[in-house]
Structure formats: C-alpha cells, structure tokens
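Fit the two chains together into the complex; they arrive one by one in their own frames, and the hints show the way.
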Amino acid sequence: MKGMSLIVKRVTRYTVGLILLFGIYIVAHGHLTPGGGFAGGIIIALSFIHMVLAFGKDEAKKNMPNKLISIGESAGALLFLAIGLVGIAGGFFFLNFFVNKGEPFHLLSAGTIPLCNIAIGLKVGTGLFAIFMALSLFRLAGKED
Amino acid sequence: MLEFYVVMVFMILGALVAVELRGLLSSVITVGAVGLGLCVMFLLLRAPDLAITQLVVEILMLIVLIRATVGRGVSRIHCYSSFWIILSFALFSVVFLAASYMAIKELPNFGQALMSVSDFYIKNALTKTGAANIVASVILDFRAYDTLGEATVLFVSVMGVLALLRKKGRKAIDERDEPDC
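First to last, the sequence lines map onto chains A and B. Position one of the first sequence corresponds to residue 1 (our numbering), numbered consecutively onward. Position one of the second sequence corresponds to residue 1 (our numbering), numbered consecutively onward.
This is chain B alone, in the form it adopts within the complex (with noise of 0.2 Å):
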C-alpha cells in the first residue's frame, strides 16, 4: 500500500503546484506530470489497458495545449483573492470534505467488489467470446452499448468541433455586427 501513497501524494502536489504557478506553459507541464502519475497508479493497479489510453490521451492533450494556447500568446493569467471568496472557498471545502467523508464510509473495502456479475465475467469471458482479453471482451461484447455511446459521443464533440472552429462563415472583425444590447 505504501506505494499507492507515494504516488498520490506525487499527483496532489502537482496539481497544487500548477494551479498555483503563473506561467501557463510551467502550469500545463505540471499537469502532465500528474496524468503521469495516474498512469503510474494503474499499471500498480494492474490495468495496463487504462494506463496505455491514459499515456496516450495524456500526450495528445499536452500537445494540443501547447499548440493551441501556449504558442498564442495568451498565457497572461489574472487572479485577484478577496475576504468573500477565501470565505466561500472555506465553507464549500467544509461542505465537501464533510458529505465525501460520509459517502465514503459506506463503500465496500478496497478490491472486494459488491457484484457477482464480475465473477461471471472472469470465468466465462474466455469460453464465450474466445477473446485472451477480458478487457475487449468486456468493452466490445458484453457492453458494447456502451461504446457505442462512448463512440457517438467523440463524434459529436469532434462535430461541434469543427463546426465551431471552421473557416466558413466567419466574419473578420472590422465587419461584425454590432451587438443589439
């Protein structure tokens, strides 16, 4: 177990130091670092399909923010701290730490699971779908609803995406419409 401290303890320090850096790309940076660590956390948990998509997405997402707001010259960050809003930030923290606790409480131990229908899995995933891996037998044959909601979900963000980023039907800026209000 004390592994699993070490690397939470990694993962909550950088996650302190970047929202408290005020550089943008030393804040991105350190965000990687903790995705790092979540890798870390699984491939100790044993799910080495969740710690390969987590390297990867981690690596596509630290690009594509250095790209798209480093590089822009967009890195100034304003923060001001007023009595009211250290106030508020104190009474949420109480609030949070106070129902988490309580919710917490109730859960099962750590690694023994509730369900019996994880069981039927492990002994029938092999026989049933003749796939070595439980994971994809799992993902793309006893559940794959919900990929397929997974997938239609990526579609359409990739749809908003470029329907929102695309160069047709902008306007520049010296013929915008003046605003009604």
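Isolated chain A (complex conformation) (with noise of 0.2 Å):
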C-alpha cells in the first residue's frame, strides 16, 4: 500500500481531524443523544482507516503504532471490568455507584454510563482498526503485491 494521490492527500489532511473529533463527539454524548461507545469507536476507527488508504500503512504506522492499538484494547477491555467490579463492594455487579446522578440532559450526568461508554469506544476503535490493519496487511508467505 502505498497511498493514493496528492488531492486524497490533501483532502485526507483536512477531513481526518474532524472524523475523529466526531468520533469522539459520539461516545462522550452517548449517554444524552443517539449514539454511544460501540458506534462512536467504529468512527474512531474508521478515521484512522481513512488515514492508512490515504497515506499508506508506514506513515500511519506513526501515528498509531502497534503498541499503543494493544494498549487500548486491553485498557478498554479492563476498564468496563473495574467499573462492573467496583459495584460488587455496593451491592451487585454494575451497581451504578455514583450517589449524586447529576443533573438529568447534562454532560456530567448518569452516573458510570459515560465511563462505560468511553471504555467501550476505546476498545472498539482500536480492536477493529487492529482487525483491519491485520486483514489488510495480511498477504500470503512468498507471495509479492
């Protein structure tokens, strides 16, 4: 994969910032308006896809090494169990354990639904670019393309 030509290029600079950013809109905003963590990762992700048919898979490389894509979906993945296992000392698993709820149609609101939603972005983007980077890259042993 070597990228594509200078207008995607160009474009590609311009868009990818606010995909993300929309991204993210998404998943801190999931517990007010349609959306949430799973489709809010997916766009996540989808940005950082964006960028590798864009530019190629050695300058995104850069910007989201292999490490870091391990890093997230294991953090995500960890995080949703601590927020479910904090419960069990309230009660009962996924115990919503903030006393004061916020006030209702506002951003700090509704308890660990915004962490659970931020845990669960994180493990959806970066496990389904992950899936994508391996699927992508993917070519058969001996075989040039």
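Derived from the structure by calculation, the hints contain no laboratory data. All residues carry an ideal CB built from backbone N, CA and C; glycine is no exception. Be a bit skeptical, because a hint or two may be false.
What the hints assert, rightly or not - The calculated label-pair distances, taken between Cβ atoms and stated as ranges, are:
| no. | chain 1 | residue 1 | chain 2 | residue 2 | range |
| --- | --- | --- | --- | --- | --- |
| 1 | A | 21 | B | 116 | 37 to 43 Å |
| 2 | B | 17 | A | 21 | 35 to 41 Å |
| 3 | B | 124 | A | 4 | 50 to 56 Å |
| 4 | B | 8 | A | 92 | 37 to 43 Å |
Claimed, not checked - Quick look at which bits of chain B chain A covers, simulated, 3 or more residues with Cβ under 8 Å:
| no. | segment |
| --- | --- |
| 5 | 30-40 |
| 6 | 57-67 |
| 7 | 144-151 |
| 8 | 159-166 |
Below you can see the structure in the form of structure tokens.
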C-alpha cells in the first residue's frame, strides 16, 4: 500500500481530524443523544482507516503504532470490567455507584454510563482498527503484491 | 406501512442481485446497498441508535471486504448447478417456509410487546439512572451484564484474528511441512 494521489492526501489532511472529533463527540454524548460507545468507537477507527487508505501503512504506523493498539484494546476491556467489579462493593455487579447522579440532560450526569461508553469506545475503536490492519496487510507467504 | 414494504422489497432485490452477480466487487457493493436499506428501515422504526451503528458497521465492513478480498486477485467465482442441488434447495425452502409460517403465526402483533419489563424501563429509566437516552441506560445499566458478554466476544475475536494472521510463526511456502495423509 503506497497511498493515493496528491488530491486525496490533501483532502484527507483536512477531514481526518473532523471525523475523529465527531467520533469522540458520539462517544462522550452517548448517554444524551443516539449513538454510544460502539458506534463512536467505529467512527474513531474509521478515521484511522481513512488515513491508512490515503497515506499508506508506513505513515499510519507512525501515528498509531502496534503497541498503542494493544494497550488501547486491553485498557478498554479492563476499564469496563473494573467498573463492573467496583459495583460489587456496593451490592451487585454493575451497580451505578454514584450517589449523586447529576442533573439529567447535562454532560456530567448518569453515573457510570459515560465511563462505560468511553471504555467501550476505546476498545471497539482500537480493536476494529487492529482487525483492519491485520486483514489488509496480510499477504500469502512467498507472494509479493 | 407502505414504506416498510418498499424498503423490504428493495432489500430482497438487492440480496438476490448480490447472489447472482459474477464480479466480486459488484456483489460486495450490492451487499452494502442491502445494509443501507436496513439502516433506513431502522430510521423508519424510530431506532436511531441502531441506524447509526448499522451505517458505520456497514461502511467498515465494505472497506475491509474490498481491501482484503477484491484487491487481492481472488475475485473468481466458480458456480455449477446440478439436478440434485436444485432438488435439495427446493425441499429445504419448502420446509423452511412452512416452519417459519407456523412460527410467525404465534408472534404478538407488530409493535405490541407482551412483556411488561419495557414499560418499567420507559417509566423509570430517567429517575433511576439519570441518563436522557433510554437505550444507553438499558444497555449500560439495567442490562450491563449482556454488554460485558458482547465486549468479551469482540475482544476474543480480535485476539483470534491477530493470532491467525500474525507474521511471526508462519512458514514460507517452500519450507512448509508435507501433510501426513
């Protein structure tokens, strides 16, 4: 994968940040508007895929190395599990343990739900980007393309 | 109800065209059109959460399919048909249609759920969790255990893909072991 033409690279440089920002918005407002961690995480992954398609894999590896992918995937899964386990201290699994849940329709409300959304968004975004990289960089042994 | 039937006929036609087309690239794009019809269907049924998720998953799967299969020169499709294949397909479709007719007859009417737990969610979700989006409060608070299971499925599948397609540990073609049998 060598990347695409100059026009695609120039347009990508302007749009990829906006796509990433929109994904973060969808994740952060998952408890207020439609969307949530899964959809927002896929949009975050799509912004990185956009960069891989336009600039080639070497440029993208600089911005998103393999180690960062595995750290993000594991951190998302562990954070989501930890939120569930902390609830056991208060009574049962996945207890919404904030006593003051905040005012509804505000960004800081709904107890643990935004934290769960962020964890799932991190996990889904890095995990699906890892699947895309593995599938698109996979080549049969001994075959050059 | 008319718009549901229009979208449904569009999706069925798209699926048939995707099966019958010869080129792999056109088939993949037609499957994308079927997914877009499903997204419009979710919007008509007033489920914007599902519509957003369906749309972005469809885009991601289209990119992955085109990058991983079509660009690789594996786009040849062999198909052959014989009398026995057509006969077994006809027999299967008769049995399947009869069984699904008997099953669908017992379903409750469209839009009328039998269980009362959804009423509880609609009435109490805002006061109990503080989340304005009821879907988020159901999947991350009332039913968070299910979501943990889904997250585990995704985690295990990512691990499986990365373990199967890793570069280390694969042998080149000329030093591959001979099969025993």
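Verification of the hints:
For residue 21 of chain A paired with residue 116 of chain B, a C-beta distance near 42 Å keeps the hint of 37 to 43 Å intact. Separation of residue 17 of chain B from residue 21 of chain A is about 37 Å and conforms to the stated range, judged on CB atoms against 35 to 41 Å. A beta carbon spacing of about 52 Å between residue 124 of chain B and residue 4 of chain A agrees with the range 50 to 56 Å that was offered as a hint. The hinted window of 37 to 43 Å between residue 8 of chain B and residue 92 of chain A holds, with their beta carbons roughly 42 Å apart.
Coverage of the segment 30-40 of chain B by chain A is violated in this model, with 0 residues showing a Cβ closer than 8 Å to a Cβ of that chain against a need of three. Under a criterion of three residues with beta carbons nearer than 8 Å to beta carbons of chain A, the stated coverage of the segment 57-67 of chain B is upheld, 6 such residues being counted. With a cut-off of 8 Å between beta carbons, the segment 144-151 of chain B has 5 residues touching chain A; three or more are needed, and the interface restraint holds. Counting residues of the segment 159-166 of chain B whose CB lies closer than 8 Å to any CB of chain A gives 4, which reaches the minimum of 3, so the coverage claim holds.
In this structure, the one hint that does not hold is number 5.
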